[in-house]
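Asker: Letter by letter, the chains look like this.
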Amino acid sequence: DIQLTQSPSFLSASVGDRVTITCRASQGISSYLAWYQQKPGKAPKLLIYAASTLQSGVPSRFSGSGSGTEFTLTISSLQPEDFATYYCQQLTFGPGTKVDIK
Amino acid sequence: QVQLQESGPGLVKPSGTLSLTCAVSGGSISSSNWWSWVRQPPGKGLEWIGEIYHSGSTNYNPSLKSRVTISVDKSKNQFSLKLSSVTAADTAVYYCARTYYYGSGSAAWYFDLWGRGTLVTVSS
Chain X
785 DIQLTQSPSF LSASVGDRVT ITCRASQGIS SYLAWYQQKP GKAPKLLIYA
835 ASTLQSGVPS RFSGSGSGTE FTLTISSLQP EDFATYYCQQ LTFGPGTKVD
885 IK
Chain L
17 QVQLQESGPG LVKPSGTLSL TCAVSGGSIS SSNWWSWVRQ PPGKGLEWIG
67 EIYHSGSTNY NPSLKSRVTI SVDKSKNQFS LKLSSVTAAD TAVYYCARTY
117 YYGSGSAAWY FDLWGRGTLV TVSS
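So the sequences go chain by chain: X and L.
Under this note's numbering, the first residue of the first sequence carries the number 785, and numbering increases by one thereafter.
Under this note's numbering, the first residue of the second sequence carries the number 17, and numbering increases by one thereafter.
Hints in this document: simulated from the structure, not taken from any laboratory.
Wrong hints could be hidden among the right ones.
Said to hold, decoys possible - Computed list of lysine to aspartate or glutamate pairs in EDC-like fashion (alpha-carbon distance at most 20 Å, straight line):
hint, chain 1, residue 1, chain 2, residue 2
1, X, K823, L, D128
2, L, K60, X, D884
3, X, K882, X, E854
4, L, K81, X, D785
5, X, K826, L, D128
6, X, K829, L, D128
7, X, K823, L, E63
8, X, K829, L, E63
9, X, K886, X, D866
10, X, K826, L, E63
11, L, K92, L, E63
12, X, K882, X, D801
13, X, K882, L, E63
14, X, K882, X, D866
Full structure from sequences and hints, please.
Answerer: In structure tokens form, the structure reads like this:
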């Protein structure tokens, strides 16, 4: 089974910061990776699929890159509404990265 | 626009069967999509349970396969989840979601539309 790990598990950042979250797969998964944002008490929201394709309606400050076993989600300038938990997903979901306010 | 809504009992007894339904509104369940169930234990991460196509074809998470049945009712535009022999470990928020396959591989998929989720607690 392919396992996904995320780093960091938690990060504290300020509005305007550039934030990068990494997702690593235990074996190569081509570009078959999606990223989700989840806020407390809400369902996950799709941000990016196919590693780098932005879902319709998602702000352009979100971007994704990578292929094979290493992937990144970048938020170019963190906004107040971006404080949430982020999950990567292939056949399974990663454990999540919580982005909190510094 | 398509919306998903989960419904079902919020409390299930240990060893019993969890039953949930997801109603699809604003679109047809017979569209070219698969329909999934995903769960999230309180304070923990997400776990895909399984999926169904309107034809009745299903795929299940191997770790839950022996206990899961997903079915579809096209006349009611809804699909359902049954999870048997539940324990406290099955306590979670259960989401239904639309699955979209974008490539040639079975792993080229994502969940682009979600219900709000429903909390199911397993307790006597």
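Asker: Under the constraints set out in the numbered hints, which ones does this structure not fulfil?
Answerer: 11
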